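Chemist: Sequence:
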Amino acid sequence: MGDMQQDRQIGFQTLCEEFRANNQIPPEKFDLYQVKRGLRNPDGTGVMAGLTRICNVHGYLINDGERIPDEGKLTYRGISVSDIVEGCTRENRFGFEEVVWLLLFGQQPTRHQLDGFNGLLNSFRELPEYFAEDMIIKAPSRNIMNKLARSVLALYSYDDQPDDSSLENNMRQAIQLIARLPTIMTYAYQVKRRHFDKESMFFHPLNPNHSTAEAILNAIRPDRVFTDEEAKLLDICLILHAEHGGGNNSTFTARVLSSTGTDIYSSISAAIGSLKGPRHGGANHRVMMMMDDLMEHVENWENEDEVESYLQKIVRKEVGDRSGLIYGMGHAVYTLSDPRAVILKKNAREMAEKRGLLRKFELFERVEKLAPDVFAKVKNDTKVISANVDFYSGLVYEMLGIPSDLYTPMFAVSRIAGWCAHRIEEMETCGRIMRPAYRSLAQNRPYMPIERRG
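Residue numbers (the numbering used here): 663 to 1116.
One thing to keep in mind: the hints can contain errors.
Claimed, not checked - Below, simulated BS3-like cross-link-like pairs (lysine-lysine); rule was C-alpha separation at most 25 Å, straight line:
#, residue 1, residue 2
1, Lys1031, Lys735
2, Lys735, Lys1008
3, Lys1031, Lys1041
4, Lys698, Lys1016
5, Lys1031, Lys1016
6, Lys1016, Lys975
7, Lys1045, Lys979
Think of the hints as simulated: they come from the structure by calculation, not from any bench. This one's a predicted model, so the numbers in the text were calculated from it and none came from an experiment.
Could you build all of it, start to finish, from the sequences and the hints given here?
Modeler: In structure tokens form, the structure reads like this:
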């Protein structure tokens, strides 16, 4: 068996060499043909691919074709996300559910509408009969994102009208998926703990009076105990991750699939697969790994010279994961600030003070302060950068006792609100299948009989 595996490995290496020999595209060809790699314009902005009423992401101004850094702004249906968080905090209530309503329907709900919508979401949180046993417990996965995507796709088989593309059916399916994804996530996590980590697995009954944030904490804590303050902080995280425009990779993925007229389960499963990619979701987990490594190797956290020296080693690819990245710093759109990071930083500080973790929080703050100068010194990169939402969200999750396995899945159970809103908008307002163009570099040549090949 060992010899067979070795022969296969050698065979695959040979196949890969064959591929590399015939599939190189020189980088200068992209410039020659003005190909916008990553659907990005030369100045780094995204190629305009559609119109939307759902969300706007603002991070800079354009003056005579030049990008001018500006304070970041994020609006849901024209309303500042900062104002949404501030309003819900001031009124001491949960806000994620009303954000879901706002994204789907375009207006803020009345109290009567919100009460009815909360009841509808709670009625859909339970998974179909035997779904947990057949789709999650019997088929565990080490990666919760993988299990989310597979489970969403499997829900197609439990839907009596999976391919009905009417607005009414799409809305029903969207609300069901938004309600069910947190339940799938927590079940998948418990099964992963039992099967792969050899730890106890527990399934707590759902409480019909819980908000989404409360339902998640109720499901992942063995004793089901959490404070109202903790639940409302998690609720803020859900609000901030719920939507970020049609151009982010996972939302664009949902819209691309929806433009074909395919079912919602295929569309949302694909979006989850996109978010699973390390270039999109999961940065908050990498932030925490980077900071753990820094805390281990920097003796004096208060000494800026020591911290900066280690950050320079990170950028030089000498330490950490050798990526050369200071995770959580910089964003494709935001320049001077990421409004989500500003909100999370404030809440992270408050919780760190209460938990006796202020020294650790201040180290995060110190890294945020020093990172731009480090990039300027090491890479001669003077681009304006700031902390993004991922820089502080991992720290918040850690203080809430949420395991790192759930950092990216938490992103998904929030962002599904935006995915569903964009799917419905795509199907109701666009009406054309997305089909960009690729320029072929293949040269015409004659067919060669097999006896004359090589």
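Chemist: I'd like to know which numbered hints this structure contradicts. Please list them from smallest to largest.
Modeler: 4, 6
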